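Q: Line by line, the protein sequences are chains A and B.
Reminder that position 150 of the first sequence reads as 150 in the numbering used here, one-by-one numbering, no gaps.
Each number in the numbering used here corresponds to the 1-based position in the second sequence with 276 added.
Derived by calculation from the structure, the hints in this document are not laboratory data.
This structure is a prediction, so every number in the text was calculated from the model and none was measured.
Note that the Cβ used here is the ideal one computed from N, Cα and C, for glycine as well.
Keep in mind that the hints are not guaranteed to be accurate.
[What the hints assert, rightly or not] Under the rule of at most 27 Å between Cα atoms (straight-line distance), these lysine-lysine pairs were calculated in the BS3-like manner:
#1 314/B to 352/B
#2 424/B to 403/B
#3 370/B to 335/B
#4 330/B to 346/B
#5 213/A to 331/B
#6 281/B to 346/B
#7 213/A to 335/B
#8 281/B to 331/B
#9 213/A to 346/B
#10 331/B to 403/B
#11 375/B to 403/B
#12 314/B to 370/B
#13 213/A to 314/B
#14 335/B to 375/B
#15 213/A to 329/B
#16 330/B to 213/A
#17 314/B to 281/B
#18 281/B to 329/B
[What the hints assert, rightly or not] Which chain A residues stay away from chain B? Per the calculated CB distances, all over 10 Å, these:
#19 26
#20 41
#21 47
#22 130
#23 141
#24 199
#25 206
#26 239
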Amino acid sequence: MNRPGTPAPHKPPLGERLLDALAAWGAATRALMANWGLAARLFVRLLMTLVPSMRRSVLVRDQLHFLGNYSLAIISVSGLFVGFVLGLQGYNTLQRYGSSSALGLLVTLSLVRELGPVVSALLFVGRAGTSLTAEIGLMKAGEQLSAMDMMAVDPVQRILAPRFWAGVVALPILAAVFSAVGIMGGWVVGVVMIGVDPGSFWGQMQAGVDVWKDVLNGVIKSVVFGFTVTFIALYQGYMASPTPEGVSRATTRTVVTASLAVLGLDFILTAWMFSL
Amino acid sequence: MQRSKNDVWVGLFVLIGLVAVLFLALQAANLLSVSWQKTYTVWANFDNIGGLKKKAAVKSAGVVVGRVDKITFDDKVFQARVDLALDEHFVFPKDSSLKILTSGLLGEQYLGIEAGADAQNLMPGDKVQSTQSAVVLENLISQFLYSKAADPTQSPSKP
Chain A
1 MNRPGTPAPH KPPLGERLLD ALAAWGAATR ALMANWGLAA RLFVRLLMTL
51 VPSMRRSVLV RDQLHFLGNY SLAIISVSGL FVGFVLGLQG YNTLQRYGSS
101 SALGLLVTLS LVRELGPVVS ALLFVGRAGT SLTAEIGLMK AGEQLSAMDM
151 MAVDPVQRIL APRFWAGVVA LPILAAVFSA VGIMGGWVVG VVMIGVDPGS
201 FWGQMQAGVD VWKDVLNGVI KSVVFGFTVT FIALYQGYMA SPTPEGVSRA
251 TTRTVVTASL AVLGLDFILT AWMFSL
Chain B
277 MQRSKNDVWV GLFVLIGLVA VLFLALQAAN LLSVSWQKTY TVWANFDNIG
327 GLKKKAAVKS AGVVVGRVDK ITFDDKVFQA RVDLALDEHF VFPKDSSLKI
377 LTSGLLGEQY LGIEAGADAQ NLMPGDKVQS TQSAVVLENL ISQFLYSKAA
427 DPTQSPSKP
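All chains, please: the whole structure from these sequences, using the hints.
A: Structural data, given as C-alpha cells:
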C-alpha cells in the first residue's frame with residue numbers, strides 16, 4: 001500500500017510501511033465502528049416509527065400479506081417434514097431404551113424450544129429477507145429513495161418501517177405455525193404410522209411441556225429473531241451500493257449475516273432461558 | 277377490491293397464527309387442566325426427598341390430585357419441608373400418608389398420597405404426619421452389601 005507521494009520503484013523505509021499498515025488497520029476499525037453506529041441509528045429510527053406505522057396500517061398490512069401469507073406454504077411444508085423426521089428419529093432412539101411413549105414429549109420440546117423459532121427464522125431469511133434486501137437495494141439503485149427524499153417523504157418511514165413491522169409480526173406467527181404443524185407431523189409418523197399409543201403420546205407431552213417455560217420462551221425467541229432478521233435485511237438493502245453488483249452482494253450478505261445472527265442469538269437465548 | 281382482498285388474506289394469516297398458538301398452549305402444554313383449579317395447601321416433612329422437584333405431581337391411586345408447591349429445608353428438625361397444593365375437589369383423611377415414588381425405572385419422581393381411615397379430613401395448612409422418604413439407590417446398595425457381609429452363611433470363608 002503505497003502512499004501517493006512516494007515514488008514506485010523505491011521501497012519506503014520499514015517504519016513508513018509499518019505506519020501504513022497501522023493506519024489501514026485503524027481505518028478498517030473506524031469504518032466498522034461507523035457501520036455499527038449507522039446500523040444502531042437506523043434500528044432506533046425504525047423502532048420510533050411504531051406509532052406512525054400503526055397510523056398507516058394499510059402499508060403494514062400489504063407487507064404482512066407479502067411476507068406472511070406467501071411464506072406460509074414453505075413454512076408449513078417444512079414444519080410437516082421436520083415433524084415427520086423427528087418422529088422417525090426420535091422413535092428409533094427412544095425405543096432402544098423402551099421409552100417410545102415419550103415420543104410426543106421429545107417432538108414437542110424440540111420443536112417448541114428450538115426448531116420452530118430457529119428453522120422458521122432461517123427459512124424466513126431465505127424467503128422474505130432476500131426479497132426485502134433486493135427490493136430496497138434496487139429502489140436505491142434506481143434513485144427512488146433519493147427521489148422520495150427530494151419530495152420531503154422520509155423513505156425510512158414510507159418504505160422501511162412498514163416492512164420492518166410486518167416482518168416483526170409475521171415471524172412469530174410463522175414459527176408458531178411451524179411448531180404446530182411439526183407436532184402434527186410427529187403425530188402422523190409416531191401414532192398413525194408406527195403405532196405409538198396416542199394416550200401416552202399426548203399425555204406425556206401435556207405433562208412435560210410447560211406453557212410459560214417452553215411455549216412462551218419459544219415465542220420470545222421468535223420475536224427476537226423477527227426483529228433481528230428483518231432489520232438485517234432492511235439494513236443491508238438500505239446500505240447497498242447502488243449498482244447491480246452492490247445489490248447482489250447485499251443480498252448475499254443478508255443471508256449470511258442474518259443466518260449467523262439467528263444461530264448465535266439462539267445460543268445466547270437458550271443459555272439464558274433454559275440454563276436453570 | 278384489491279385492498280379488501282388483502283385484508284381477508286392477512287386476517288386469515290393472523291387467524292392461523294392464533295390457532296397455532298392456541299394449539300401449542302392447550303393441546304401440547306395443557307394450559308387449562310391443572311393450573312387454573314382452586315387448591316388448598318398441606319405440608320409434610322421428609323427425611324430425604326431424593327430428586328423430587330417443584331411442580332411434581334401428587335397422585336392418589338395413579339390419578340393426579342395436586343402439585344408440589346414449594347420445597348424448603350427446615351433447620352429446626354433437619355428435614356425437608358414440602359408444601360403441596362391439592363385440588364379442592366379431593367379431600368383426604370387426616371391420617372393419610374405420603375410416599376415419594378418414581379414413575380418407571382428411570383422416570384421422574386412424584387408424591388403418592390394414600391388415604392387413611394380417620395373420620396376427619398385434612399384441612400388447609402395441616403401437616404401430614406406419616407411420610408416415607410425417597411429410595412436412594414446408594415443407600416439400598418450399601419444396605420445390601422452390609423447385610424451380605426454380616427451374613428455368616430454367605431461369607432466367602434474357607435470351609
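Q: Would you mind marking each hint as holding or not holding in the structure?
A: These are the hints, each one checked on the structure:
1. 314/B to 352/B: Distance ~31 Å between residue 314/B and residue 352/B Cα, so the pair is violated.
2. 424/B to 403/B: Judged against 27 Å, a Cα distance of about 38 Å means the pair is violated.
3. 370/B to 335/B: Distance ~17 Å between residue 370/B and residue 335/B Cα, so the pair holds.
4. 330/B to 346/B: This hinted pair holds, its Cα atoms lying about 6 Å apart.
5. 213/A to 331/B: At roughly 12 Å apart (the allowed maximum being 27 Å), residue 331/B and residue 213/A satisfy the hint.
6. 281/B to 346/B: Violated - the C-alpha atoms of residue 346/B and residue 281/B are around 53 Å apart, more than 27 Å.
7. 213/A to 335/B: holds (23 Å)
8. 281/B to 331/B: Violated, at about 48 Å.
9. 213/A to 346/B: Holds. Residue 213/A to residue 346/B sits at ~18 Å (cutoff 27 Å).
10. 331/B to 403/B: holds (19 Å)
11. 375/B to 403/B: holds (14 Å)
12. 314/B to 370/B: Given that 27 Å is the threshold and the Cα spacing comes to 20 Å, the pair holds.
13. 213/A to 314/B: holds (22 Å)
14. 335/B to 375/B: Distance ~10 Å between residue 335/B and residue 375/B Cα, so the pair holds.
15. 213/A to 329/B: Holds, at roughly 15 Å.
16. 330/B to 213/A: holds (14 Å)
17. 314/B to 281/B: Violated, because 46 Å separates the two Cα atoms, which is more than 27 Å.
18. 281/B to 329/B: Roughly 52 Å separates the two Cα atoms, so the pair is violated.
19. 26: Non-interface label on residue 26/A holds, nearest chain B Cβ at 48 Å vs cutoff 10 Å.
20. 41: holds (30 Å)
21. 47: holds (22 Å)
22. 130: holds (20 Å)
23. 141: holds (27 Å)
24. 199: holds (13 Å)
25. 206: violated (4 Å)
26. 239: holds (29 Å)
Violated hints for the displayed structure, listed by number in ascending order: 1, 2, 6, 8, 17, 18, 25.
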